[in-house]
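Please build the complete structure, drawing on both the sequences and the hints.
Protein chains in written order, with my numbering: chain A, 1 to 72; chain B, 101 to 172; chain C, 201 to 272; chain D, 301 to 372; chain E, 401 to 472; chain F, 501 to 572.
I should point out that these hints are in silico values taken from the structure, not numbers from a laboratory.
Among the hints, erroneous ones may be present.
[Said to hold, decoys possible] Pairs of lysine-lysine, DSBU-like flavour, derived with a Cα cap of 35 angstroms:
| no. | chain 1 | residue 1 | chain 2 | residue 2 |
| --- | --- | --- | --- | --- |
| 1 | A | 72 | F | 571 |
| 2 | D | 371 | B | 172 |
| 3 | C | 272 | B | 172 |
[To be verified] Derived contacts from chain B toward chain A, CB cut-off under 10 angstroms, selection only:
| no. | residue |
| --- | --- |
| 4 | 124 |
| 5 | 145 |
| 6 | 155 |
We put the CB at the ideal spot given by N, CA and C, even for glycine.
6 protein chains.
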Amino acid sequence: MPVINIELTREGVTREQKRALIQQVSDVVTNILNKDPNLTHVVIREIDTDNWGYGGEQVSVLREQGITADKK
Amino acid sequence: MPVINIELTREGVTREQKRALIQQVSDVVTNILNKDPNLTHVVIREIDTDNWGYGGEQVSVLREQGITADKK
Amino acid sequence: MPVINIELTREGVTREQKRALIQQVSDVVTNILNKDPNLTHVVIREIDTDNWGYGGEQVSVLREQGITADKK
Amino acid sequence: MPVINIELTREGVTREQKRALIQQVSDVVTNILNKDPNLTHVVIREIDTDNWGYGGEQVSVLREQGITADKK
Amino acid sequence: MPVINIELTREGVTREQKRALIQQVSDVVTNILNKDPNLTHVVIREIDTDNWGYGGEQVSVLREQGITADKK
Amino acid sequence: MPVINIELTREGVTREQKRALIQQVSDVVTNILNKDPNLTHVVIREIDTDNWGYGGEQVSVLREQGITADKK
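Encoded structure:
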């Protein structure tokens, strides 16, 4: 029965990446909790980089400064 | 005081349907709980069909396969 | 497919009121949108009155002052 | 560690207002709670005026009637 | 930067299951999106079975009827 | 009209800190956006440290290791 919301910045996530998120997050959650996948919803919310901030700074400003959230 | 969020797929919901959702959900909730409607907010969030999945599959793919979420 | 969240203050809502919320909100939403009820989830989140505020004031303080959110 | 979501109607909020929201809300929350700003995220979700209602009425209809949510 | 919310019914999920959810969902999301895990938050919200419904019925009532959400 | 959700770990936040959050966040948001405070709701959701993670690790485990989210 879980509902999983994935909130992230709108920075070119592809349809295939979204499909992979839905499939793999659904698999992980339903396996750990032994839940019926048909009752398990995954919702992706994309947020403009002007509308997200951390460390007190807007992500779009961080990006202009060359600061990414990429894995190192 | 309730805040009600209705999260659904963006598939042609009309302005009139949204108005009906706001009116009728507000009515139901304020009647059951005896709450002041002016303190009761209803927020509708529309989600692209690429961004929602259940049963481990993306809704946009389900729609291409002719699978709907319509009432039977 | 809608997921509906109802967020309200924890002030003695009964099990029967919650059941009525689930049934009637599900009915209203699935009728207006013509959606399958089995894909429609309703989630009620109860919030302590110390943890909610409006007009810049904590609800628990408003209640001590005799101010309710009841329908007039 | 807080995550702060600010949900508001899409009515011309500027990039600079969003940046001010992110900075000032982050400051207030991290100061009161003594939390590391780098672990504190602020997310702004803009909602079309057709998709928000209170008092049982759609905000876009209220606006057409000249009713605003402006500070008095 | 993603924030992932997992909303589920409070039905005996153990601390170890929660830890596994956090680790595996974080892995899946950061791998697909190439994001820094230190900017990736996972939040689990447990909801009483009286407070969740689908198909228009309260989950606590479904459980009394022997209906589970277990994987088949 | 904004609704602000503040989601944080349940680690001894006092009633007075919550009241300060409600007052100051409401002030900041209504000042920047010129919104009526009476239409502005602030909701604080406290999450057990077993139910939150970042960097792929459960906060309760981080705390056992002496790792805090305190401001430095």
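Original post:
Which earlier hints turn out false for this structure, listed by number in ascending order?
Top reply: Of the numbered hints given earlier, those the structure breaks are 2, 3 and 4, listed in rising order.
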